[in-house]
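Given the coordinates of chain A, work out where chain B should sit on it, guided by the hints.
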Amino acid sequence: MLFNTIAINMMKIRNHDVDLDEYFELDVLRGWREVHDLNLSALHALPVLAALVQMDSEMVELDRIEIHGPDVILGRFQPQNGPVDLVPGRLLDHENYRLGVPHLYLRFDETGWSIRLLTTTCPTYLAGEKIKETDRYYGVNHGDELKLGVVRFVFESGEQPLGAWQNARGALLGGVDGAAIFLKRNGGICGTFLRLEKTRPAVIGRTAPKKGEVPGTQGWLESAAPDWDLAGLNERDRKHIGYRHARVLWVEDHWRIEPLSQRQWTYVNRVRVRGTTRLEAGDEVGLGSVLFYFHDGENAHDLMENDRTKIELPEVLTWNEGHASRSERQREQAPTERKR
Amino acid sequence: MSTPVLQGQTILVGTERVVVHALLSQFDKLSSSHLVTMEDGTRALLWQGHADWGRWVLKRLQGGEETPGIPQILGAEITGAQAALLVRAPPAGAVVFTAQKWKDVNTLAGVEALYDLAKVVDGLHRQGATLRGLQQSELFLDPASGQLFIVAMPRLGPLDRQKPESVWRDIRIFGELAFENAVRRACPDGHTMVALLQDRKAMIEAGLTYPGLNQVLAGCVTPYGDLAYSDVEDLLAGLMSFRAELVRPLRFSVGSSSTLGSYIFRHNNQDSCGHVILDSQCGSRKLRAGFFCVADGIGGIEDGEHASRLAVETATTAFVRGWSFYGAERLEKAAVSFARGVARVASQRLALEGEFASENNRGGTTFTGLLIAGGRAGVCHIGDSRAVLLRGQQCISLTEDHSLASILIRLGELTQEEAANDKLSQRTISRFMSTSNEVEFERIDGFPDGLSARFGVAEAELNTAGIEIRPGDLFLITSDGAHDEFDRAGLMDMVSRFGSDPQQLCEAITRNAVERIGRDNATALAILIEG
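Those protein sequences? They're chains A and B, same order as listed.
The first sequence runs contiguously to residue 340 in this note's numbering.
The second sequence runs contiguously to residue 531 in this note's numbering.
These are computed hints drawn from the structure, not numbers from a lab.
Rough simulated footprint, nothing fancy, chain B against chain A, three-plus residues with beta-carbon under 8 Å: (1) 25-34; (2) 90-96; (3) 208-222.
Short derived list, chain A residues pointing at chain B, Cβ under 7 Å: (4) E235; (5) R236; (6) K239; (7) Y243; (8) R263.
Pulled a few chain A residues facing chain B out of the computed Cβ check, cut under 8 Å: (9) V150; (10) G242; (11) S261.
Beta carbons are placed, not taken as given, at the ideal position from N, Cα and C, and that holds for glycine.
With the rest of the complex left out, here is chain A (with noise of 0.2 Å):
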């Protein structure tokens, strides 16, 4: 077969939504026990600000993306362009395939929320208008409809004040009072965090068979099991996790992450990070597609108002299927320029 794809992430097809832990056991079949976590599919610890619904053409509701924080993108998930808050999951190939990588940033301010456009391929509608421009932003109001690429959205804001939000938001970081890797889902903390020690290194990662555990690993290097397993995450977020994916330790007085996993992309606040990295309080780690906040109890300022004040927009792309979006050399200096 000639070599060439496109690769298409996160797709969850309709008809297949069937779950197969109902009929068969996958450890069975594999010959090796995941470990998986329940903590990492709990409820969201904060308070939904709105909502996404997906609708059919029949304006039949097939899906809910609930919004828990107030700065959020939104698009499908290319390691090359760096993680987003939200990645509708129940698309087809095709509806998918006309969905920006990203796609939108919602914001909600005093005024209310607006959204601003992050690409120049796909049509995006609000409200029944096409909208192109990208450096301004768009209110978008209650009940309005939001068309990305071929798939339709309505949108609903949420009862609950900000000020609610960042008071929940506020009370599960400063019941930590060391420092911890807060778990993000849908564009907030959900509540599921790992502790970390400055005496122990942590290895975050996922299940691995042991070496020889299944045939053709007799040559693997021995490794042990993580000290955060994400194995449990939904599959559409854990098939970019490594198995050994990356370590966050205490080196000469600053907390730094480590990537190891060759295959699967570190990010510090959306930028990719190939070596040992220093981590502040308040900065945002990406393990493939999945956001952490970095708490650090003892310094206590990071207790911000949102979790977003480290993390520029990314640059509007024009995004062709297959290539890169942005440079390497752009990324590669990105993390030294960063301001501390």
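Frame of chain A; chain B shown alone:
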């Protein structure tokens, strides 16, 4: 309303006006069952009898709707000493039971019909009711399916479980019917049967060659003795083991062929294919299960070959693991789910290879698999290899290509004809098993949309339990190097010539690819269900 009623007479039962069609059975002067036509034209049964009987039947049958086969009451009128009940009639194909028609029913269908009928009797017994002896004249038979229906219950009354005779009276007919259907002769009377069952030589001369049948006969012939069935559950178990003796697992014959192709710049064959067939005989239950797959490697020379081989090896191993843990019966109930699970595990194995064996961390593969377990088949599919089912003159696609062309067609940016000429978008695949990421379960396809009507099953069932296979079915799995070199007419032509020999068919398909100077590796795997 008066008794007796006459054919052609129009009478009123409650508020329903019905026309009397035919007398089905007459038990005593007051008790009878008639076939009638209701005002909307549908058939129904009119049961007449004593008022006490009528009240008893109403009380027992109105709660029995969960048990299929228990007659449903449509209307009732009880006046003075008489009762008239309107009861749902058996479906249109069913006719008055005759011994001749019953003998013509295939034995397996016959046993299954007796099992369903026993379920009805069991349901009545659970309600505390007995038929006090079911008779052949109180049955309808659907000669096409063999199904049996009760059309009269004039003696329905309370069941006394303490008396062995009261259960036996309702199940003795099952011994008679089983004998008549399997041996195709009239059933001897009880005393003769008891004598027969004690003489092994006589049994064989009488044609009693199924051990399971002999058990049923011994259980039903008398209410006394060690072998007698004490309740309908014993009868159901007996019929079940008789059925198991009759079921013969389907036999498959399999062929496969793979070629490098005749393109001189292509040095290796990146296609892999494999299959496993497992037989089990547990008790009297025989089941055959098999997993068949084709994988077309993508990437550098070594990488594609390694990826497709690893996918096939892992998938067949996963199938065997699942089969040994769950057993073929469980696989049969969820053939598609299981096939997709096998592909899911294979895809994870590739991703592990990418991370842990750095020298093998490139490349990927398509994967199309077929699972056959007992009487059912399921598919799993990622990429642009294909599975088709050839049934009679029909050629049914069991997979949909995951290609850019399919996406552009769905978006309305390409027509089918344009896509056929757009080689680039055809060859650009949108899903495959990769060494960099596992494929999530949701992205591994089962059967495509639109097949449920064709196979006469609900969409949800199609994508869990899969399709029923039939003798003569021919399944064909091919890589793109093989199916790109023929159209549907070309395929049907090859099938008509070689369809009875899967190995010859596969060789013809790969030879065809080589003769057309196919630029790609070509692989074909064929499975013929021999029945």
